[in-house]
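J.: For the protein sequence lines, the chains are E and U, in the order given. Residue numbering for the first sequence follows numbering that gives the first Met the number 0, beginning at 0 and increasing consecutively. Residue numbering for the second sequence follows numbering that gives the first Met the number 0, beginning at 0 and increasing consecutively.
What the hints contain is simulated information worked out from the structure, not anything from laboratory work. What you were told as hints is all true, and nothing was included just to trick you.
Cβ pair distances, simulated, as ranges:
id : chain 1 : residue 1 : chain 2 : residue 2 : range
1  : E       : P218      : U       : E48       : 31 to 37 Å
2  : E       : E240      : U       : L195      : 33 to 39 Å
3  : E       : P218      : U       : E111      : 38 to 44 Å
4  : E       : E124      : U       : L154      : 39 to 45 Å
5  : E       : E124      : U       : E108      : 56 to 62 Å
C-beta: ideal position from N, C-alpha, C; glycine also.
Number of protein chains: 2
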Amino acid sequence: MMEEITGEKDSWEVLGGLIAHGHLSDIQFFMEGIPSKERARAISRLNEEEHIRLLEILGPTIAADILDDLPDAQAADLLEEVKPAAAAAIIEELDSDDRADILGDMDEEATELILEKMAPEEAEEAREMMEFADDSAGGIMIKEYLAYPAHVTLLDIQNDLRENAEKYKNYLVQYIYIIDENESFIGLIRLRDMVLNSGQRKAADIAIKDPICVATDTPIEELQSFFDEFPYLGVPVIDAENKLTGVVIRADVEEAAEEKAQDSFLKSAGIVGGEELRSMPLTKRAFRRLGWLSPNLVLNLISASIIAIYQDTLEAAIALAVFLPIISDMSGCSGNQAVAVSIRELSMGFIEPKEIKRVLFKEVFVGLINGFILGLLLSTVAAIYGGNLYLGLIVGLALFLNTVIAVCLGGLLPLVLKRLKKDPALASGPILTTVTDMCGFFIVLSLASQILSKLA
Amino acid sequence: MMEEITGEKDSWEVLGGLIAHGHLSDIQFFMEGIPSKERARAISRLNEEEHIRLLEILGPTIAADILDDLPDAQAADLLEEVKPAAAAAIIEELDSDDRADILGDMDEEATELILEKMAPEEAEEAREMMEFADDSAGGIMIKEYLAYPAHVTLLDIQNDLRENAEKYKNYLVQYIYIIDENESFIGLIRLRDMVLNSGQRKAADIAIKDPICVATDTPIEELQSFFDEFPYLGVPVIDAENKLTGVVIRADVEEAAEEKAQDSFLKSAGIVGGEELRSMPLTKRAFRRLGWLSPNLVLNLISASIIAIYQDTLEAAIALAVFLPIISDMSGCSGNQAVAVSIRELSMGFIEPKEIKRVLFKEVFVGLINGFILGLLLSTVAAIYGGNLYLGLIVGLALFLNTVIAVCLGGLLPLVLKRLKKDPALASGPILTTVTDMCGFFIVLSLASQILSKLA
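Next comes chain E alone, as it looks inside the complex (with noise of 0.2 Å):
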């Protein structure tokens, strides 16, 4: 039922026109009858002006619903684009965790420029929202929960969840959270438990007492593993006096976990600075790939040298220069694989970074067994190619070495990164392919150039 509309041809054209018509309920029946990611979509080919057009004819109501629905980084792009009074109105609409996941990904200036033109109360909130890690507790936390005081009756809770069922309708009501006078966090009653109590009961009787509950500061891994033990659907979370600030919902940890994935992966092929979507403006995307680039350079400069310290070997052995990039491309390819299996382990906390003897252990017998067999393969060729024994000698020999030395290295740095709080899916790859290019073309050079005589 979904495919209905995604079938159908350029959605965004369709758009395009009824923002040039302005018809806002055409709009919202066009934007309602598409799943969201044909909406995300669809917005991400219209230009600035229709963007700036098209919030403005939605208000910020509608506008903060379908910027819910948009990937964090498409909806900051977005908010940019309008005054930092309509982006204001707009953020205020949305639900105070997304609020700060918004604004978070915006240019700090267009951050505080929005943050001038919200209700100081809500400002102060977004800014206290913003502080948290966006893999903590905190950071995924939702404000929209139910909360009643200790002394109230379940029939007391039943009205008013009748009264103000049309508010509650995105909250999580499957919990129940009873706090004492000073705000203090008691216990809580689960939906299940209202169906099979009398009304009559007070609220602090049924609630169970002391549930567990986390720190503002608990990271992802841990929530996920929390989440992995109980089945509920969501935990309270406190801050240090004991005070309910907030729900981290099952879904969210697996969302949030998500994003983390995909952001190792954007990061470890070079996306850095976050997301990179092509609706963004061109110089944008260019000079964020190129910060990742202009080092890349530079370490390759600072490999390559060693090809230059031997160059008078190359030349009276040429025959080398064919095998050097194959070298070098291999060992970064078998370096890579334990880079990932290192810093998989590493998020689902089978290894922890101190242990160092573990993961060498475990990875320079892969690299002895590998590199020896394609080691062995690569000799073949490059005897036969240079019908010179020694030649096939040096080069098999070289890819064996810097195939244990890459598995080794590669398993390690992940590790070593994490200790000293780098991103190791950022830094790992750069890091490795410079080592080994560099050991990859000493080895192989000077093997050569002590036997210049017989490879020539």
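For this one, chain E is given, so just place chain U on it according to the hints.
T.: What follows is chain U alone, placed relative to chain E:
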């Protein structure tokens, strides 16, 4: 509070000791006291003998509880170690969706042996579940939901919930599904509606009729889009005959999406056969990695053949040898950035595989800008290093042209592979590297051969 025991050293040594003593209650007490990640880690450090003994002591029910919290790949490895009959007894204690996931991660032979030992109807159901793709509604739906015939009253349902509270402990109770005498799906009642309506009313009268449901083959991306759109906790899955066959939970969709993202990350780094854990046997790990490295070696030989063809040119202008690996590596980096953005945009539904022109248009300018800047930088370095303007010109021009090629190719490859129903994360990297290496080597060396007298 979850850290209490995490901080303790070497929890697997404690576990190993407890297994040696063999007291179920001690092991259970210890296991329940540590978070699930720590438990997974401790189990991964035990040897095969200890694994067998552990599952034996725990017995099928508790063993299934423990396995449920482990990563699927680890649970599968564990069950491969014990006798098929013991594995079957444990599998039968798992939830229906977990059974299929774990069996699907095992060797085919092992799976067959276990299925033979299971109760015929359970084995049949598991086989059916295994038919569904991991990333489809059928692959992640649960069978633990509440369904009642249309004629019952709310009071009947409340009584059943009360009487079977223990059985329904891990059920999705937020929705109560109503079916007719042919098991056809009629509608659903939300738990909150149970709270707000009189117990005398009939289920059929309260039920929301014809709610949105999905088919067993609905892909993860569409389910994500669905849950982005609607604030529901779960969505019913119906088969071709409108029979209710399962329920997909919001959190499970996010979890499956995370697994898919992790999978892309691992695959793009050459960890092909799904997850690799360092607790797996050495030869399995080495040969799986080799399965990816070997074809890469062949591709590397193909691209290096360009150098072999121009060996004489290179010998005459040996300074070029320093820059060949730089051009090859830098183009690879630029191309990989475009690959990552395309894979990300495809998974978000921001581009469709057919939008070749849009991607080309968006990438070619990034390639021109970054190629120009990087080319200029490298050109300067080469000219100074070689003391030869022509050397700088050739190297810079080659990097410029090859960056444009790499960025365009990198952007397009995932789209083309997706259209060919190949996995973009798996194949984009090697194809990109091979083509850009060949182009890079060819551009440098063929240009050099034209003006060799000026380079020497």
